[in-house]
Each structure stands twice: as structure tokens, then as C-alpha cells.
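Working from the sequences, and respecting the hints, build out all of it.
Chains A, B, C and D, in that order, give the protein sequences.
Sequential numbering from 1 applies to the first sequence in this note's numbering.
Sequential numbering from 1001 applies to the second sequence in this note's numbering.
Sequential numbering from 2001 applies to the third sequence in this note's numbering.
Sequential numbering from 3001 applies to the fourth sequence in this note's numbering.
Everything labelled a hint here was simulated from the structure, so no lab data went into it.
Where hints are given, some of them may not hold.
As the list claims (entries may be wrong) - Here are the simulated lysine to any residue pairs, SDA-like style, with alpha carbons at most 20 Å apart:
hint: 1; chain 1: D; residue 1: K3261; chain 2: B; residue 2: Q1256
hint: 2; chain 1: B; residue 1: K1379; chain 2: A; residue 2: D250
hint: 3; chain 1: D; residue 1: K3422; chain 2: D; residue 2: L3345
hint: 4; chain 1: D; residue 1: K3114; chain 2: A; residue 2: I165
hint: 5; chain 1: A; residue 1: K379; chain 2: A; residue 2: A368
hint: 6; chain 1: A; residue 1: K379; chain 2: B; residue 2: K1422
hint: 7; chain 1: B; residue 1: K1195; chain 2: A; residue 2: S190
hint: 8; chain 1: D; residue 1: K3422; chain 2: C; residue 2: V2370
hint: 9; chain 1: D; residue 1: K3283; chain 2: A; residue 2: R106
hint: 10; chain 1: D; residue 1: K3257; chain 2: B; residue 2: L1255
hint: 11; chain 1: C; residue 1: K2379; chain 2: D; residue 2: P3244
hint: 12; chain 1: A; residue 1: K114; chain 2: A; residue 2: D250
hint: 13; chain 1: B; residue 1: K1135; chain 2: B; residue 2: V1370
hint: 14; chain 1: D; residue 1: K3367; chain 2: D; residue 2: F3380
hint: 15; chain 1: A; residue 1: K194; chain 2: B; residue 2: L1193
hint: 16; chain 1: D; residue 1: K3379; chain 2: C; residue 2: K2100
hint: 17; chain 1: C; residue 1: K2194; chain 2: D; residue 2: P3364
hint: 18; chain 1: D; residue 1: K3379; chain 2: C; residue 2: E2243
hint: 19; chain 1: C; residue 1: K2100; chain 2: B; residue 2: R1098
hint: 20; chain 1: A; residue 1: K367; chain 2: B; residue 2: R1309
hint: 21; chain 1: B; residue 1: K1257; chain 2: A; residue 2: P99
hint: 22; chain 1: A; residue 1: K194; chain 2: B; residue 2: E1218
The structure displayed is predicted, hence computed values, not measured ones.
There are 4 protein chains.
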Amino acid sequence: MPIATQAITGDDKLSSLNLDYLLVRQTSKTLIENLSAEDCSLQAEAFVSPAKWHLAHTTWFFETFILLNSVTGYQAFNSAFQVLFNSYYNGIGEQFPRPKRHLLSRPSLNEVLKYRAHVDSAMMALSLSQQELLKDLIQLGLHHEQQHQELLLMDIKYSFFQNPIFPVMSDKPNWTNIESVGSMKFIPYSGGLKKIGAGSENEFCFDNETPAHQVFLENHALADRLVNNGEYLKFVESGGYEEPSFWLSDGWSELQKPACKKLPLYWQVIEGKWFEYTLHGLKPLDLNGPVCHINFYEANAYAQWAGCRLPTEAEWEVAAQSQAIPETREVGLWHAYGLDDQAPLSQLYSECWQWTQSAYQPYPGFKAPVGAVGEYNGKFMCNQMVLRGGCRLTPKQHIRSSYRNFFYPQDQWPMAGLRLAKDQDK
Amino acid sequence: MPIATQAITGDDKLSSLNLDYLLVRQTSKTLIENLSAEDCSLQAEAFVSPAKWHLAHTTWFFETFILLNSVTGYQAFNSAFQVLFNSYYNGIGEQFPRPKRHLLSRPSLNEVLKYRAHVDSAMMALSLSQQELLKDLIQLGLHHEQQHQELLLMDIKYSFFQNPIFPVMSDKPNWTNIESVGSMKFIPYSGGLKKIGAGSENEFCFDNETPAHQVFLENHALADRLVNNGEYLKFVESGGYEEPSFWLSDGWSELQKPACKKLPLYWQVIEGKWFEYTLHGLKPLDLNGPVCHINFYEANAYAQWAGCRLPTEAEWEVAAQSQAIPETREVGLWHAYGLDDQAPLSQLYSECWQWTQSAYQPYPGFKAPVGAVGEYNGKFMCNQMVLRGGCRLTPKQHIRSSYRNFFYPQDQWPMAGLRLAKDQDK
Amino acid sequence: MPIATQAITGDDKLSSLNLDYLLVRQTSKTLIENLSAEDCSLQAEAFVSPAKWHLAHTTWFFETFILLNSVTGYQAFNSAFQVLFNSYYNGIGEQFPRPKRHLLSRPSLNEVLKYRAHVDSAMMALSLSQQELLKDLIQLGLHHEQQHQELLLMDIKYSFFQNPIFPVMSDKPNWTNIESVGSMKFIPYSGGLKKIGAGSENEFCFDNETPAHQVFLENHALADRLVNNGEYLKFVESGGYEEPSFWLSDGWSELQKPACKKLPLYWQVIEGKWFEYTLHGLKPLDLNGPVCHINFYEANAYAQWAGCRLPTEAEWEVAAQSQAIPETREVGLWHAYGLDDQAPLSQLYSECWQWTQSAYQPYPGFKAPVGAVGEYNGKFMCNQMVLRGGCRLTPKQHIRSSYRNFFYPQDQWPMAGLRLAKDQDK
Amino acid sequence: MPIATQAITGDDKLSSLNLDYLLVRQTSKTLIENLSAEDCSLQAEAFVSPAKWHLAHTTWFFETFILLNSVTGYQAFNSAFQVLFNSYYNGIGEQFPRPKRHLLSRPSLNEVLKYRAHVDSAMMALSLSQQELLKDLIQLGLHHEQQHQELLLMDIKYSFFQNPIFPVMSDKPNWTNIESVGSMKFIPYSGGLKKIGAGSENEFCFDNETPAHQVFLENHALADRLVNNGEYLKFVESGGYEEPSFWLSDGWSELQKPACKKLPLYWQVIEGKWFEYTLHGLKPLDLNGPVCHINFYEANAYAQWAGCRLPTEAEWEVAAQSQAIPETREVGLWHAYGLDDQAPLSQLYSECWQWTQSAYQPYPGFKAPVGAVGEYNGKFMCNQMVLRGGCRLTPKQHIRSSYRNFFYPQDQWPMAGLRLAKDQDK
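Okay, here's the thing in C-alpha cells:
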């Protein structure tokens, strides 16, 4: 890495922003170390994107919002990329149709890597005063790229899974599971007027976490760990998918579709035994591991079956505010979090995103930034549900109590599971 | 009506519940006075139902949840109706597929009216003690039927509209519009901890309005009247449907569908002039009347264009709590509300339902009733948006500040418009 | 009938064309004798039409192609009907969308009957010289109406079938089945140069039967009767729907669709017994009756399973040329044909249309008539298969050896079955 | 090539069948010379396949029908490939879903090339007596591979076209167009009893060309050359796509679909000028070149507009029987045919496939071979139209007068154009 850095900059004095930049950009490339150009082109459905596209789009973000906008004399690498790698920024202009991203065999993966190098050089060449001026946008670009790192992994998992030979992405040792074992305990939290949300401090946050504001909560309780595969299997085997009273109406409709397999996305029965597809290939289902790759309807139905409910995002956040974020270490491509035996809630940020019962809506007083960057979050505040926490694939900088992730309730391909909640009498 | 009542009961002593029952049941029949059996069979899309089906389903509700459940010796009118006229109660059993309701030419409208009479007789024959015991369910059945009265009218409007001869349902005088004229004023409301929701009192409410609970509001302001057609026309003519920055992402996607006409549902341009289809036929567009039959995406986009936002449901309810409900009188099939010049907000309950920016979600501590009746509201608490107020077609008993109506954000066929809101500094 | 005739004409001297006209027009009305206005509005899928629409469209045909075109001073009954009841004549102008025909509650059935009377009066008022001049078009109109009589019955059968109470259209005695019993015999026919097709004679035929022309046939053999239900049931029970080698590729694809029930359209299993829905209600499956309401793929697969093939339309026609058409009598709404014990092939025109292996294509030298009437047949000569013979619902004037019926290979709702054929060595 | 041959066989004595084998197999690899592994994975729609898949599937054909069936001790390269690369042979077993072929990043292109080498070695190792025994299947495999060579090129053209940068597959010199210039002449042919079809001789043909048989033709005339781009442009500019009388009903329906661009597939208007996408990139439209990449409906509509019709396949074949096949030479990847000034019809086999008006149906007496190989042609004999001749991409061994190509009438992506025909009085 130091060598690469020097090659890019011809300089060994790097600002801290430069260092952050290089680190994040390098990580994206590390993710595809074991992938061929063919692997990097896979797109099984419109809602996932090829790894190559992620690499190019995150680069487009820096080129579009920083270099072309603010750097005199910057030469675009290829003007066609303005359209090809725009995801959804109508303010910037036309977009290449999302379902066809797998059809861009040209530019090749090599060409995209050159595009990255071209943009990286220009970014490294920014003067300190330019860096200062553009700091917010650069940080946004880095957090944006980290979101795509996580997506890249979820996406390729989904695309690989369509291949009946169950491709192995990485044979590095798997993370050490923080297993969801032992009887589940419910930790009580008292209600009242609480403050959630971020902003105004010096730390980075996305616009959708702002403004910080007050909410009134009732007394409630949260489970001390995530629901595990063994528990979910009981729900399956007791006919949970056949009993309508557990299901939201739209969820029940999903179950009636002929293609619905009525199981977590990556579960497989082979000769009467349960397996789960992972980025390490097909593995026997770990009954103590957290159930993962279920959609909101499934999470909600499980909670109903268990006589509980899902937490609201505010309940989750207030509880999380009171715990420290545990130490992280990298295991292969993933993150593993240490156990904090003192903290009431385990598995808060590790393992898998946690569906809440909260629809993704603007916080009171929310204002999207002006201009195309304003399309980042606000325009998705409809029809989606909030998830909290983080997962094994989430970059460490994205671990914070106020972070709001969001997906459609029918989405199974995000790495998402659930934590139970309960109302609590006073 | 007194005669009909006597004919049914053979008695001139009616309990107040009996009287309510007869009144509501009679009103449903009044709605189809001008409709033929052919008209009553129309179903233009799966989301609307034939008038005949509404008449039968509301009857099925009393038969299923009261007579068959609790009245010894009650003989079902026709056992096939248990499936044919079940809407969505999985707890009761199978349902005839919703998109095919228009295919039930048998039973005929006449047969359905006999079904109604059969059930009405049995209901009228309930002893006072039975009535007392079943009071909650009977009242639920009556409010259920009133909801269907409103739906029946919205539905047939949609189905009639598919006919290029623009059928007239009623040529009785139209209601006196409470016109949305004069410059719009914004009424300020201070924030703080407020109480919304219903329950525990003696008045009827739906389960989704419970429990009453506290919410924290920021300072804000609400427009004193609804947005009118003339104002919405300016939005249209200034290119509002072509500018993505006003639109939520899913709303923008709707606009890209080839069938989307990018106008309120019933607006028509004929030889360069604007018209609107109504249940009184095609009429020149009333620029001072409230814009109506727009979906949530359109309401939200208009608000963005106007530099405002939609109110939350809590903001709306708190403001409504402080105003009396104006007097009503019937004009033909509709309701017209008197003006209360003292009240800060006009058109609160009349004219058209008002889209809020709130997703339809359970209130804290919400519990759906046990059994099939529990499917009434709770299972729809996903993917839909709350509307508040009422419309010209809403029965008077459904006018209250805590009432939560809900539709999908893409739905244009409900009679819905919008009231603007704004954040307010302290 | 004579009274009705006088009522229409005020005259007891009727031309033979007038008499034909009145007879055909009266028959259409007879078909709906037992149907309510609600029944007459049913349209279960875009490919079937409401009975009311058939009654109006056949009237539109006379009004459009004869009265409006050629009769000075004729006043259209309602100018909106030009669009509403145009089926597919682009040359005439716009058409109301086919899938929405069930949405035309206005005009009512009564209004449509008045439309019929209005047009009938004008047609009866044509002078003899006008009749002579317009003879070809009038005859086309009458044959057109007879085709719609058959369609009206097939269509309402399909729409009624969607209703789980299995409506009875007619309880008049069913026809006497000419049962498909006894062992099937194959009648040999020698090949050579043969003449098929119609035209140039004085008898009516459709344009698609012209011109008469020569075809070269190989030696072959045709089954002396249709395949019966019992035989088809063996195909079903031996796994015929699961064995791909019997099926054309597109037929196999149809079978993979989740909604495909892999049975003749109207077969039902109820408590382990086989039933068939008919216009007389649900009846136990008659194992000796001809199998009916199968599509081309099913007919072809059965033939493959039986080690045979379907006949070509030329083989069928040449064989039919050599047999007289048997006597007919009406049984309720249907036709029953007498048995001709001398004729080699039975059930040629009665019972059900017979799928051939011939694609519906123009005969050599075929020219569609000029003008909108030219859209009658020619533009459908792609993607459809020819059926020969006739069925229980076919008007007697449509029974001839050169008649070419045609449907899409996936269509099950026509009353169609099959006759087997074989190659024959010299 | 000789060196490669020796490398494979370790032998310089090769049977003529071995030589044919090596030549055909080598050609497939030559086609992808300029393509990356990413290019070889493209699949824009279910009806086209990735180049990599073509390379694997043609290899699968030899492995499945010859090596695994008949060669003792042959070890399959990878047993998973039996499912992955089966196209549509239900007799062999399951198939990987066609629309997902682009998702097989594993096996990689390199792995597929190893698969080819593995199968090639085994095929080269067949003894002369084995070759003699399996000759028919080997030849079928080679012709099968040649069909896929043509498809591979048509398919990648379609997939490349989705990329807005218009990828260039080959910058080798284009073929010398045999231009469609000069006034079009109609060559008269007399009717009568003619013989068409193939078989019984020593030359290879597909089963669908058999048996040879007699047909009766009327007098007719065929255009001496194909319709060119300039002529087709006149059809476009005169409103041909807007006039329903030129169109078959199903073709007119295609035009109403929002995505239909109402032009030959690869035509583009850029700043008011006409261009055509080719495998050499985007080129100005050559008005003298034959119009290409139109579907059957367009070919038929053009013929109607021109007052003509399409030829039947029998008319085409009889005319072609009387002309010699011109000399060929390779130009880059394509074939160019010399002009034979003596022959009445030019462009018979070169340039583009010619739509006929004949539905693809079995010849009288046609029997599909027994077993899975019998699925090759017969099961597609429904809903498709016959094309005759050949195109620039057609391997030379596939040029013969009896060859029957077939596609669906809506298919634009085959390289197909048209030759006009006319009825002719005696």
C-alpha cells in the first residue's frame, strides 16, 4: 500500500484526507481480488449491480461531483461514462438503464481500473486548500464508496447464487461467528422523551440522520441477541409460512407468487439436510448463527409468531446510544466484533442488519441538500423500511447508532435478520 | 323509511341500535337508486369492486361475524356466499379472487337484495339482550358498511370513467362547493408533547386509532385551505411532471410508465379546454375547487414545487382537535359542510381526503383484536400512506379528528387532495 | 315470428333475403332468452366478449358497411357506437379497447336491443333494387352474425365457468350425443392432385376459402370418428402431460406456466370423480363423448402419443367433399346431426371443431377484398391454426367442406377436439 | 492450423471426417478472436446466448450424443456441464434456464476452452471404425456447430447494440457488398407439379428438409434482387408503419407496444442522418445495401405496400434449384459471393436470409428421428416462419436450395430481409 500510494502521488506527505481516500479506494479493489472479469460482470436482477459497475460508479461520483465541478483543467477520462455510470442522479442527466448494467462488456474491467487510477491521480493532486474546500464532498464520496463496497458483496452473492455450481468467492477463513446461543433475554427500557438522530457535531453522518430531534417512547423491552437459524427453523417447521394471521397483507401476497420459496433466501434442502449458500460456498446451516437474508415480511411474521414485535428505529437507537461500539478486527474480507460481556445487547452492529418496524421517512425538519447530491437519500423516503445496526460486510466507519439503512419490505438479498421487541407495562 | 322499517320488523318499537342499523342499511340501497344491474356489476380494475359486491359483502359481514357465529338456528341464505363475498379474511377461509368479482353475474342484483333482506330480518329479530351482547360487532359492521358506501361511490366513478360516453350517475344538484379561493394563509402551531389517537372513551373508533398516545411535535404551520385546481394547473403547466427534483424516486418511476397520463385522474383536455369527470358527468374544470384524485406522489411533488411539505398525521390531528366539526347537510348523495368562519382551518373534513406524509404504521402499543375481525386494519400497516379528514362521499359518522384512512401512494382513484404544511422556527 | 316480422315491416311480402335476415337476427335474440342483463355483460378475458357486445357489434356491421355507406338519409342510432362496437376494423377508425368491453354498462342491454330494432327497420325498408345491389354485403353481414352466434355461446361458457356456482345457461334437454364409441377405424385415402377451396359458384363462402386450387396429397388415412373423453383420459392418466416428447416446444412452454391445469378446459375433479362444465351446468364426464375444449398443442400431443398425427386441412376437405352433409335438427339451442351409416367418416360437422396440422395461411392467389371489409379474414393469416368441420353451436349455414375456421394454438375456449390421421404407404 | 492439428492428434494421418471436424471446431474459436471474456458473457435477452455458451453447448453436443453414449471409458470433463449446457433437449434431462445463461461466470471462458480441448482430443482419438459408425451423428454435430457459429454472431451483435458506445467487433475490412441496385425485375416461373425437399442422396441435410415430395405451384414471378435500404426508407417515410392495411393483425399489435421503434432493428437517426449498427460499428446507412434485420411482419407489410407478396418457400426452392451456387470467398469473418451474371436471381444465398410467406410446418411424411436428437427440429414446427437462402454470416456448408431456416414472425435480430414475389397469370 505505501508503494501504491507513492506511485500515485509522487509524494510521501499525505494529508489525512488523502490517506482516508487511498485506504477506501484500495479496499474496493481488494474486494475483487479473487474475482475474474466475468465474475465482475454478473447482474442477476435489476436490483443488483455488477462489481465492475460499482467500481466505476463510485469513481464517477468523485469525477462528477468534485473534479468536473470544481477542478479547472480536469479532463474527463471518457465522456461516455457520464451516462454509463450515473446511477439515479436525474439532476446530472440521463442514466444507462439499470437492468442492463451487465451488458456493458465495454469498458472492460481493465479499462475501469484505469478510470479509477485516472481519477485517483487527479484527486491526489488536489492542493490542501482545495481539499479543505471540498472536504464535505470528498467525505461523502468516501462514505458513498463504502456503502457500495457492502452492496458489491451482497450483490455478487445474489448473482453467484443463480449458478448451480455455487461459486466460492473467498476461501479465506470465515469470520468467527458470535453465536446467537443461550436463552434469549428481554432487556427493559423505560420510555419518555428521548433524543435521536445526528448532525451538528463534527462527525460525518448522512443527511437522512438529521436533524437530531426528540421522540416520545413508551416503555419497552429488546431482546439481548438476534434470532438464530435454529429458532427460525422452528417457525418454518411449525407451518409459519402457511398461517396468514402472522403475515402483513402484502407479505401474504408475496407468498402466493409461484416463485416464492418460503424460506430465507440462501437456505437449501439437499437430500433432507439444511444448507446455506455463503460467499464461502455451500455450508451446512449453522443453527446457532443468526438467521439472515429474510425480508421485512418474514421478520415481522416471525415476531408475530413469537408473540413479540419488531423494534422501532427510535427504540433501537436509544438503546444503542448507551452502549459502546465493540472492537473490530478484519477476518478475510469481513469484520468480526469482539464481545462486550458488560453490554446488555449483543450483536448490535455485527452479523446482520436488523429490520425495524419503522417506515423510512424524513425526520422532522429534514432538508435534502440542494443540487444533485440532494438525490442521495431523500427521494427514497417512501415504501421502504429502516434497518439498523450493520452486518459482517459493513465497513467500520458505517457503524454508529444513528445510521439508517433502508430497503424495500420484500427484499431478501440484503444481509438482514431480526431482533425481537416487546411492549412493557409501566 | 318508517314503512320499510315496519315491514321488516312488524313492530314499531325499535332500539336505537336497530334504528342505526336500518338507517345505514337503507343508505346503501339508496346509493344504487339510479344504477342498473349492469352498472352495479362494473369492475374496471382489481382495486375497485362492483356495487353489487359491496352490497353483498357488507351483508356477509353481519351474517358471518354475528348471525352464523352467535345466533342459534340462523340459516345461511346461501352457503356459497361464504366464499363469494369474503373480501380478505383469511381467518374465515377461502376468498373468491378479487380481480374476478365482476364475473359474478349470478347471484343477480335482485338475489343480492334478497340476501340483504334475509340478513336484515335476522338482525332485526335479535333480542335486546342479544343486541347488548353483540353491540360492538354490530357497530363495527355498521361502520364497515359506511366505509363501503364511500368506496362504492369512488369505485363506480372509476369504472364509469372507462366508458367514453362518460356516464352520469346522478343528475341531482351538485353540492355547493366550499371553494378554495383567496390567498392561502399558513396558520402557525407550536410544537411540544401532544396526545393523539382515540379509544377508552365511549365513542366508536377503529382499532387503528388506538391506543391514544403521546407524540412530540416541532413547531409548524398548516395551510388554511386545500390546494385548488387552478393552483395545481400552474404546477402542471410549469412542467412539474417533467422535473425530477420534485418527485420521490418511486413516484418518478410511475411517471415513466407508458400508461401514466401525468394529470389528476379525471382531468381531460377536449379541444384545448380542461374538463373533469364527475359522478354528474363531464364538467368544465372548476379552478376554485380543490384538486382531487391525485396520488401521494403527486401531492408530495406539488408540495415540493410549492416550497412546502405535506403535514404529518399527528400535526393534522392536533390541529383538528382544536376545531369543532361543522354542520352537515345532505345534497343529493353527498354531504356539504357549512363554513365556520371562526375556525382557523377550512375544508378539514369536506371536499377530499388529505394525503399526509405519514406512512400507515401501528401506534405504539397497538394490538389487533383476536380472531378474523383482527384482520380489519392491522395487516395493511405496510406500504400505505395515511390520509386524514374526509371527502364529499364520506358518511357523517366517519368524520372525526382521529380517523385514519390509508391508501397506497400510487392510488389515484380515492377522492384525495392535499393541504400544505411548513416547518416553523421557534 | 310472423307477427314480429309484420311488426317490423308493415308488409307481408318479404324477399327471400329479408326472410334470411329476419331469421338470423331473431336467432341472436333467442340465444339470450335465458340470460339476464348482468349475464350479457360478462367478459372473463380479453379474448371473449360480452353477449351484449356481440348483439351490438353484429348490428354495427350492418349499420356501418351498408346503411351509413349506401343508404341516403339513414340516421345513425348513436354516433358513439361507431367506436364502441367496432371490433378490429382499422379502416373504419378507432376501436374501444377489447379488454374493456365488459365496462360498457351503458348502453344497457335494452338500449342495444333498441339499436337492433332501429337497424332492422332500416334494413327491412331497403327496396328490392337496393337489396340486389347490396346483396353480397348483406349476406356477408348475416354470415358474420352467425359466426358471432357461435362465439357468443363459446364466450359465455368461458365467462360463466369462472363463477364457482357453475351457472346453468339452459336447462332444455341436451342434444342426443352421437357418441364416439366402438373401436376407431382408419379409412384410407389415395393421394394425387386434388382440388380444394371454394368460390366462383353461386354459393356463399368467405374470402379465405378462395380461390379454389390444386394441391398434391400423399396417400393417407383418417380416423372414422373423433377421439373421445375416455381415450383422452387414458392419455392424461398415462402421464401424457409430463412427457415432453409428445409436445411441440411452444406447447411444452405453455404447460410450464403456473396457471396451466393440464386438462381439457372444462374438466373438473370433484371428490375423485371426473366432471365437465357445460352450458347445462356441471355434468359427470361422458367417456363416450368426444373430447372437447383442448387446444392445438393438446390435440397434437394426443396424436403423437397415439402414434398418429393430425390431418392437414386439405386431407380433411378432400375426404369431406365425398360425403353428404347429414340432416340437422335443432335440440334446444343446439344442432344435432343424424347418423349416415353409409358415410365412411362420422362426426364430420357435428360435436366439435377439429384441429388440423395446417397453419392458417392464404391460398395461392388469395386476394383480400378492397376496403375495410378486406380486414375480415386476411389479416389474421399468421400464428393461427386451421380447424375444420363444425360444432354443436355452429349455425347450419356454416357447415360446408371448404369452411376454414382458425384459432391460436394455445386457445382452449373454442369448442374443439380432434380426429386422428396417419401416413399410408402406397 | 496443421500445427494445431498435430498438437491435438499426435498424428498426421487424418480422416476426411477428422479434417472437417478440426476445421469447424477451429472456426468457432476464430470467431471470438477479438472478444474478451466479458464480451463472451453478454446476453441481452433470453433469445440470444452468450458466445461462451455457444462454445460450450456445441461441445456438449459431441460429448452427450457421441462420447458419453458410445465411447467406452470416456470421462466427462465436468458432470455439471450436462445440465449447464443443455439447450432444450428434454430427452437428456434438466436444463439451466435460458434467460440466465449470462450468469454462468463459472466456468470461465478459459475453462470452456479446456472443455473444448478435452472433447476434441476424445473425438480425434476415435478409431476409423468408430468414426464410420458414428458418422451421421458427427456430421450432425458439425452442422449443429456451424448453425451456432452464425447464431453466435447474430447474438453478440444484438447484445453489443445495447451498449451506447456501439462496440466494434471486427475492424477487418467489411465484405464487398453485392449491392441491390438497378431497377428491380420480376422473373416469371411457370407453375405445375414440382419436387422440393432433400434426402435419400448422399449429401447431408437436416431432417426438416425431408422427405423430398411434390407440390403444386401456380404461375408466379420472383424479384431478381433483394429489397434495398433506400427502397425500405421510402416505405418508412411514406408512413408505412402508420397504415394498418399493410399489416397483419399480430404485426399491427407489435407496433402498438411502447418499446417498438418502428424501424429495422439497427437503424439509428443521429442529428437527422441515418446510420446502421454493424459488427464493424456504427456506419452511415448504405441505401444500396439490402434491408436487413426486419421481422416477418415488416417484410410482409413492405410487400403489401409494394403491391406484391412474399414468395412461398416452395417457389423460392424451385427457382433456386435451377441456379448454381456462386463461388464464395472469405472476407474477414464473413462470406462474400461472386456475381453470376447469367443467373436470373441474384443475392440468393448471400447478404441476408429471406422471409417467405410459409409457416414452418412438417413436410408430408416427415418423421423426427427417435431419441433426444429428434428434438432438433420437429418440435419447433409451430408459430414460426420459414426463411430461405443464407446471409453474410452463414457457413458455406449451409448454403443449399433445400435449407429451411425458421424464426418467429416478430424476430428482428436474425439477419433477415426480403425478396418480392407476384402472382402471374397464365
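A quick look at each hint next to the structure:
A hinted pair counts as satisfied when its Cα atoms are at most 20 Å apart, and D:K3261 with B:Q1256 qualifies at roughly 17 Å. The hinted pair formed by B:K1379 and A:D250 meets the criterion: a straight-line CA distance of about 8 Å does not exceed 20 Å. For the proposed pair D:K3422 and D:L3345, the alpha carbon gap of about 15 Å is at most 20 Å, so the pair holds. For the suggested pair D:K3114 and A:I165, the alpha carbons sit about 18 Å apart, so the restraint of at most 20 Å is met.
For the hint linking A:K379 to A:A368, the alpha-carbon distance of about 9 Å falls within 20 Å, and the restraint holds. A hinted pair counts as satisfied when its Cα atoms are at most 20 Å apart, and A:K379 with B:K1422 qualifies at roughly 18 Å. Of the pairs offered as hints, the one joining B:K1195 and A:S190 holds, with about 19 Å between alpha carbons and a cut-off of 20 Å not exceeded. Note on D:K3422 and C:V2370: the hinted pairing holds, with a Cα-Cα distance of about 18 Å set against a maximum of 20 Å.
Between D:K3283 and A:R106 the CA atoms are separated by roughly 19 Å; this keeps the pair inside 20 Å, and the hint holds. Restraint check for D:K3257 and B:L1255: the C-alpha separation of about 17 Å stays at or below 20 Å, so the hint holds. Between C:K2379 and D:P3244 the alpha-carbon distance is near 10 Å, which keeps this suggested pair within the 20 Å criterion. Annotation: proposed proximity of A:K114 to A:D250 is violated, straight-line Cα distance about 46 Å (limit 20 Å).
Restraint check for B:K1135 and B:V1370: satisfied, since their Cα atoms lie roughly 17 Å apart, inside the 20 Å limit. The hinted pair formed by D:K3367 and D:F3380 meets the criterion: a straight-line CA distance of about 13 Å does not exceed 20 Å. Annotation: proposed proximity of A:K194 to B:L1193 holds, straight-line Cα distance about 12 Å (limit 20 Å). Our distance criterion of 20 Å between C-alpha atoms is broken by D:K3379 and C:K2100, whose separation comes to about 36 Å.
Between C:K2194 and D:P3364 the CA atoms are separated by roughly 15 Å; this keeps the pair inside 20 Å, and the hint holds. With a C-alpha separation of about 13 Å, the suggested pairing of D:K3379 with C:E2243 holds against the 20 Å cut-off. Distance check on the hinted pair: C:K2100 and B:R1098 sit about 17 Å apart at the alpha-carbon level, within 20 Å; holds. Annotation: proposed proximity of A:K367 to B:R1309 holds, straight-line Cα distance about 10 Å (limit 20 Å).
About 16 Å separates the Cα atoms of B:K1257 and A:P99, which keeps this hinted pair within 20 Å; it holds. Between the alpha carbons of A:K194 and B:E1218 the distance comes to roughly 14 Å, so the proposed pair stays at or under 20 Å and holds.
Of the numbered hints stated above, those contradicted by the structure are hints 12, 16, listed in ascending order.
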